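Asks: Listed here are the chains, written in short residue letters.
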Amino acid sequence: MKKFIEGSMAVAEGVKICRPLVVSAYPITPQTHIVEHLSQMVADGDLDAQFINVESEFGAASVVLGAEASGARSFSATTSQGLLLMGEVLFNIAGMRLPVVITVANRSVSAPINIWNDHSDSMVIRDSGWIMLFAENNQEAHDMQIQAYKIAETPEISLPVMINMDGFILTHAYETVDTIGQEEADKFLPPYKPEIYLDVENPITMGPLEEPQWYMETRYRIQEAQMEAKPIIKRVAQEFKEQIGRYFGGLIDTYRIDGAETLLVAMGSAIGTIKDAIDELRDKGEKVGLLKIRCFRPFPNEEIIEVLKDVKNVAVLEKAVSLGASGIVADEIKGALYHTPYRPEISNFFLGLGGRDISKESIIEIYNETITKRQDNIFVDIHPDIVEQIKIR
Amino acid sequence: MNNQESNTKPKERKRKEKPPVEESLLAMGHRACTGCGEALGAKLVMDVAGPKTYVATATGCLEVFSTPFPESAWRMPWIHSLFENSAAVAAGIEAGLIAQGRDKDVNVIAQGGDGGTADIGIGCLSGMLERGHNVLYVCYDNEAYMNTGVQRSGLTPFDARTTTSPYGKKSWGNKTEKKNLPGIVAAHNIPYVATASVGYPFDLQRKVKKALSIKGPKFIQIHVPCPLGWVYPAHLTVEIAKLAILTGLIPIYEMEYGELTRSRKIGKNRKPVEEYLKLQGRFKHLFSGKPEAEEELEKIRQIAEKNIKKFGLA
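Top line first, the protein sequences correspond to chains A and B.
Just so we're aligned, residue 1 is where the first sequence starts under this note's numbering, counting upward by one.
Just so we're aligned, residue 1 is where the second sequence starts under this note's numbering, counting upward by one.
These are calculated hints, taken from the structure and not from any lab test.
Mixed in with the good hints there might be a few duds.
[Stated by the list, open to error] Some chain A residues near chain B, calculated using beta-carbon distances under 10 Å:
id, residue
1, Ser56
2, Ser74
3, Glu201
4, Glu210
All of these numbers come straight from a predicted model, not from anything done at the bench.
Using N, Cα and C, we set each Cβ at its ideal position, and we do this for glycine too.
Extracted from the complex, chain A is given alone in its bound form:
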């Protein structure tokens, strides 16, 4: 049903139809509206779940860990500092192969404290074993919730999924979203029936100590499951397309790449603005297209190579910096191409940090710079006079 709703409500509606049995969260801007909506749904009897208000995000992640281990489908949402506070538990959830789903309203990381959007928060968690999806708009964020549970709960995968959506830019934006009905949802996502869970009738031990002769093999199995998740994520997106009729890509998506010599690469809500910029450039005859990375973990090496192999220039637009190194997405793309004969020039740009607006004009400027000469680690739209004012001494 088409509804003009806030992004957070689109997420809450997307979660509701997955029938989670336990929802636990701690308030942090800009995640709050998601869990407020879910809390109201529980209060109104529209969602039959245990809603657990906790003392911290660390507690929230631990509660959903316990609930999931008991066999209950569980959900949480957070962002920024909250995601970092969850960090220890997030690694644990993945290591224990519990298919929890959380939605992250991506936000910068302090200091300086800043409540606005970038991807610094989830990029810190990228080595945890979570499958990481990035939504382009609120429709995709809505649709991703049910896809996430289906991916996570696939028995051979059994890994948690983190849905990333840009804080404020998406969570607080009102858009028309076509929400999935409960009947449709039930057809797409079966009830959660884990093979292994805590049960007094069949007692098991979860989370044992593993000495050096066991640990590596257990970690190897997580890596294996991440790799095996690639076709599953694509298949679930395809099944969703066939049943519900919408498709935002599998591991990646592309836009106007036919005959493109230059590709812009990004994740999240910047995609919309980039598409507008590409339309304008294409109108002027520029051979430019877009590669959208929809799934960052597992990293879609093969799909990226396939799209980039014939282009001259690549510009990677990132909302996070690996301080002291360089662009995380750009480096991984370079890594993917290294063992291939393909050698496009790869430029990388940091933009939109801490909620800085990303304009169409900036993207066109990025394109123009990229086709002129390779650009490395460029902070877009940075003001030298402000840099001058910010001194540590």
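Model the placement of chain B on the given structure of chain A, informed by the hints.
Replies: Structure of chain B alone, referenced to chain A:
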């Protein structure tokens, strides 16, 4: 004590229903040290709780010695996640069981050591208590971080030497008294808080049974001597546990909705604190005979005195 009981009350023992499992729910063959008070405490708790119990355990000796993969000593559904979250994990299990309609006639127990409970895990513990989950939290108090090599915790007693509160020219050991964790827990106005000791197993098991009969959050702190960390011969665990109580240094009592309802009197059996302290290497520096050492002993006597008054142990 067991022999005596079986000699004097053989008929009563026969009438008792057989326990549902032949062996303890914490099976033999785990890797705890000889004389481990925590292993004894956990066994006593689990055998009262029974097999229809879900257990969430914090990181620490108990988790390490009982679950070296692929072995496990637990004959019940058991989970370990992290050091500081067993209360929250147990809360999640309870919520999950309720949501699935599987919460009838089962227990949920969260457990951890003194560090995992009173220090790093106190946030998750407070949250679980305040939200009213039907969970029993058991804190095994061996008064330091034993699993990492005997470092000081918030429940390490005054003047005890640990590897991070050593005795030296400028130090008598741990500078602070034990944090009043049961008091902090009781301030949540939960239905039941108790302290217990492996020196008094029947009292301990009665308290576990009582706690599990009450719906809502419950807390039991069990004093569990550690031969390795306290530096005493392993066969003295129970004797030392009893002396901790009889000196007044470890009061054992019950609180309901924040009010003290019952305490274990020591009365005429009261022992001087030295009898407890001198058996343990961690207090050895207090027996040098120096006047300063005597002053320190006097401070410990005062702690016992305070407990006796506060909890009506006389």
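Asks: Take the hints in turn and mark each one as holding or not.
Replies: Now the hints, each set against the structure:
1. Ser56: holds, 6 Å
2. Ser74: Holds - the Cβ of Ser74 (chain A) comes within 10 Å of chain B, reaching about 7 Å at its closest.
3. Glu201: holds, 9 Å
4. Glu210: At 5 Å from the nearest chain B Cβ, Glu210 (chain A) passes the 10 Å test, so the hint holds.
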